[in-house]
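Q: So the protein sequences, as listed, match chains A and B.
Heads up: the first sequence at position 317 corresponds to 316 in numbering that gives the first Met the number 0, and the numbers run straight through without jumps.
Heads up: the second sequence at position 40 corresponds to 39 in numbering that gives the first Met the number 0, and the numbers run straight through without jumps.
It is worth saying that the hints were derived from the structure and are not from the lab.
Glycine included, every Cβ here is placed at the ideal spot set by N, Cα and C.
Some hints here could point you the wrong way.
[As the list claims (entries may be wrong)] Some residues of chain A that are not near chain B, with every Cβ distance over 10 angstroms (derived):
(1) Leu8
(2) Arg26
(3) Leu46
(4) Gln78
(5) Lys99
(6) Val117
(7) Ile172
(8) Ala275
(9) Gly314
(10) Phe402
[Claimed, not checked] Listed next, the stretches of chain B that the computed footprint assigns to chain A, with coverage defined by at least 3 CB atoms under 8 angstroms from CB atoms of chain A:
(11) 226-235
(12) 252-264
(13) 288-301
2 protein chains.
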Amino acid sequence: MDISLQILLFVAVLILLAKTLGGLGARTGLPVVLGELLAGVILGPTLLNVWRFSWFSSPAAVAGRLPLSLAAVVKVFAQLGVVVLMFLAGLDTDVEMMRKAVGPAFWAACGGVILPFVGGASVARAVGLGWREAVFVGAILTATSVSITAQTLMTMNQLRSKVGSTILGAAVIDDVLGLTVLSVVIAAEWRAAAPGPSGWTGVGATVVRMVLFLLFAFLLGPRLVRLGFKLARHLYGPHIAVTVSLALAFIFAFLAEYLGGMAAITGSYLAGLFIASTPAHGQVIQDVRSLTNSFFGPLFFASVGLEVNAREVAGRWGLFVLLLAVAVLGKVFGCGLGAWLKGLRGRESLLLGVGMIPRGEVELITASIGWSAGLISSPVYSVVVVLVLATTLIAPISLHVFFPREPFIAPADSPVAAELPKRPVDP
Amino acid sequence: MDISLQILLFVAVLILLAKTLGGLGARTGLPVVLGELLAGVILGPTLLNVWRFSWFSSPAAVAGRLPLSLAAVVKVFAQLGVVVLMFLAGLDTDVEMMRKAVGPAFWAACGGVILPFVGGASVARAVGLGWREAVFVGAILTATSVSITAQTLMTMNQLRSKVGSTILGAAVIDDVLGLTVLSVVIAAEWRAAAPGPSGWTGVGATVVRMVLFLLFAFLLGPRLVRLGFKLARHLYGPHIAVTVSLALAFIFAFLAEYLGGMAAITGSYLAGLFIASTPAHGQVIQDVRSLTNSFFGPLFFASVGLEVNAREVAGRWGLFVLLLAVAVLGKVFGCGLGAWLKGLRGRESLLLGVGMIPRGEVELITASIGWSAGLISSPVYSVVVVLVLATTLIAPISLHVFFPREPFIAPADSPVAAELPKRPVDP
Chain A
0 MDISLQILLF
10 VAVLILLAKT
20 LGGLGARTGL
30 PVVLGELLAG
40 VILGPTLLNV
50 WRFSWFSSPA
60 AVAGRLPLSL
70 AAVVKVFAQL
80 GVVVLMFLAG
90 LDTDVEMMRK
100 AVGPAFWAAC
110 GGVILPFVGG
120 ASVARAVGLG
130 WREAVFVGAI
140 LTATSVSITA
150 QTLMTMNQLR
160 SKVGSTILGA
170 AVIDDVLGLT
180 VLSVVIAAEW
190 RAAAPGPSGW
200 TGVGATVVRM
210 VLFLLFAFLL
220 GPRLVRLGFK
230 LARHLYGPHI
240 AVTVSLALAF
250 IFAFLAEYLG
260 GMAAITGSYL
270 AGLFIASTPA
280 HGQVIQDVRS
290 LTNSFFGPLF
300 FASVGLEVNA
310 REVAGRWGLF
320 VLLLAVAVLG
330 KVFGCGLGAW
340 LKGLRGRESL
350 LLGVGMIPRG
360 EVELITASIG
370 WSAGLISSPV
380 YSVVVVLVLA
390 TTLIAPISLH
400 VFFPREPFIA
410 PADSPVAAEL
420 PKRPVDP
Chain B
0 MDISLQILLF
10 VAVLILLAKT
20 LGGLGARTGL
30 PVVLGELLAG
40 VILGPTLLNV
50 WRFSWFSSPA
60 AVAGRLPLSL
70 AAVVKVFAQL
80 GVVVLMFLAG
90 LDTDVEMMRK
100 AVGPAFWAAC
110 GGVILPFVGG
120 ASVARAVGLG
130 WREAVFVGAI
140 LTATSVSITA
150 QTLMTMNQLR
160 SKVGSTILGA
170 AVIDDVLGLT
180 VLSVVIAAEW
190 RAAAPGPSGW
200 TGVGATVVRM
210 VLFLLFAFLL
220 GPRLVRLGFK
230 LARHLYGPHI
240 AVTVSLALAF
250 IFAFLAEYLG
260 GMAAITGSYL
270 AGLFIASTPA
280 HGQVIQDVRS
290 LTNSFFGPLF
300 FASVGLEVNA
310 REVAGRWGLF
320 VLLLAVAVLG
330 KVFGCGLGAW
340 LKGLRGRESL
350 LLGVGMIPRG
360 EVELITASIG
370 WSAGLISSPV
380 YSVVVVLVLA
390 TTLIAPISLH
400 VFFPREPFIA
410 PADSPVAAEL
420 PKRPVDP
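Chain A on its own, in the form it takes in the complex (with noise of 0.2 angstroms):
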């Protein structure tokens, strides 16, 4: 069958299911985002595995006579959508809430890193890993990816409270400093491989290239904007604003990769947060809500679980629950520790330190790094995988137990009622 029709059959069941296992999910009073990752979860090869079924795979694409598979597309459909998430999250950013909470956010994504790192590293040596690799895991396990996090606290109304400000600040740094350490670890790999001065050399390259694109983001980023919004009063025609606002956030999730070599969400994320200040910020963000909950949303949630094969966890139980013990009780503790010694309260840090649990496309992309690099063996690589998995269904769950939930009932005709997830007026 053509890739575009299979497209068309897969990306309406995959939202059918994913919608339906959500609200489902939300009549419950669990998070939508949920339910949109076990969609992924039965859609993919721990379950279903459909790109097995006739109707979703292509033996010719796989035999290498195509351009591209369905599974492929899917997967560059899934990274566009990440990184318009991302860019939502920034939009629905509090700026002068976020201004507040730089300190807390800087010294919770430094215990989110360091605990990690240690705890991820010496379990890996207690369960006879090499130092190399075991120091490789350990890299693994600092990356924080938010956008689940924030996807759920925007549809629990908590985005702009001041724990939701400091998690998204913290989970920018995060990037800077996740990054920081993994590329010390792999330049150290390459100087214990073939020692010289070549390694360091690329620590110095990866910092140089980090404060660039920062100095650009922050320097640039607002003038852009506003440059953007400026000429785009002098086109006529329908949603010029959201257009631009979008054209700038993948603009900026590219140099945040291309050039900064940091994560793509982190750029679109910027982006978000210098539009989140300008006039048209209202109208854009109702825009790429609406492009985001019907199409983008469901296809990134539910590609986590697509890629995932859980079942490569078996016969590897032990070192599975101990490497997502320390991920998971690494961020809890190592952000909730930063943030609670720069003022936040004893619950305000818990929540923080939940809301970074989530690890997503950065641990992914380094975990094949890694592997490629034959610095992890295939194993050790499974569990990782598996891991991204594991921690976005926790973070979403333990959000949703520890944070207080407002009850909000839209009233049905009003335009917030289409925006608000309805809680269900019998529970």
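Model the placement of chain B on the given structure of chain A, informed by the hints.
A: Below, chain B without anything else, positioned relative to chain A:
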């Protein structure tokens, strides 16, 4: 460069250029869609040929070592985009008006199939092509693709007018008729190549498939839509209505092509038509409009230019001009005459004929089938492909010239202002 990184930059460049040209066009009063089409021509092989640039090319993909290339992914996005666009056109259709227009639409479609078929075959024969090739060229010219017209009419606020409704009805009927002609021609060719009953069995199968799909669509479609919305009411979560609608549109599009052998856009158009008469219609149309205007629309319209190299006509200008004349005049007079005989006024009939000019993905698919089957030669194939580009550019310009524009200026702060093209206050 990674494909997910390339797509970020490419989509940003594409939608910025499309919206800039579209917006500048709208300033001078031209339809937005024209600028978006031109963006594709500029980026495509005719002028810049961005696929050549190292940032957008994937040598590994071309060599077959990667499962996908950027160009292939963009094409899938565009194909999904045109399905969403025609879904929007269905949502935006005045169902009552459409019902009254069935008679004129049917005769317009008949005229618009017969004249280009006879004219195309005659011209091809006259320039010295063989009978088989000439008949196939005629069959190719019968296909209309109204996505460009629909979008132009929408931005001109004319989609729900009498002529707008007739055009959309005629497009659906044209799809049925054109496909019948095409399958009869292919069956006849096969019969000529290998005498036996199999060719005519193919025609029978094609007709049965179309009838099955159309029966399904018109008998079960509205029920399925009502059932979908009824079930969706039990779910909680943001943008449920638009998500369910999109999934229905994708399923109808899939079935139209998979079950009915028709164009996928005919299926999504019908889904839009059925949803247009439900209460959820208002919210859905608003969300789908932001989805298409900001993302899928520019991607699809630009993709027409991205796939066509207008330079390939060089040296075959005679054939090109003759076929273009048949393609344009065949629809203008064929459709116009049919509508005029059924009571439309002369001016309305002319507008209808102009609206039916654009060929699109249906023609491209048909031509590529004929080319791979050896029914048409390479030079003729190139000319036919560039015809698609020419007709898509002619239609919006002509519509703009012939349609009386309503001088609509939305107040800057009204919610409608974002939806409708603003006209410059000082023209």
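Q: Against each hint, give a clear statement of whether it holds in the structure.
A: Do the hints match the structure? See the list:
1. Leu8: Violated, since 5 angstroms does not exceed 10 angstroms.
2. Arg26: violated, 5 angstroms
3. Leu46: At roughly 21 angstroms from the nearest Cβ of chain B, Leu46 (chain A) sits farther out than 10 angstroms, so the non-interface label holds.
4. Gln78: Given that some Cβ of chain B is not farther than 10 angstroms from that of Gln78 (chain A), nearest at about 4 angstroms, it is violated.
5. Lys99: holds, 28 angstroms
6. Val117: Given that every Cβ of chain B is farther than 10 angstroms from that of Val117 (chain A), nearest at about 31 angstroms, it holds.
7. Ile172: holds, 23 angstroms
8. Ala275: The assertion about Ala275 (chain A) holds, with a minimum of 18 angstroms to chain B.
9. Gly314: It holds; Gly314 (chain A) is separated from chain B by about 29 angstroms at its closest Cβ, greater than 10 angstroms.
10. Phe402: holds, 17 angstroms
11. 226-235: holds (count 4)
12. 252-264: holds (count 5)
13. 288-301: Holds, because 7 residues of the region 288-301 of chain B bring their Cβ atoms closer than 8 angstroms to Cβ atoms of chain A.
Going down the numbered hints, you'll see the structure goes against 1, 2 and 4, while the others check out.
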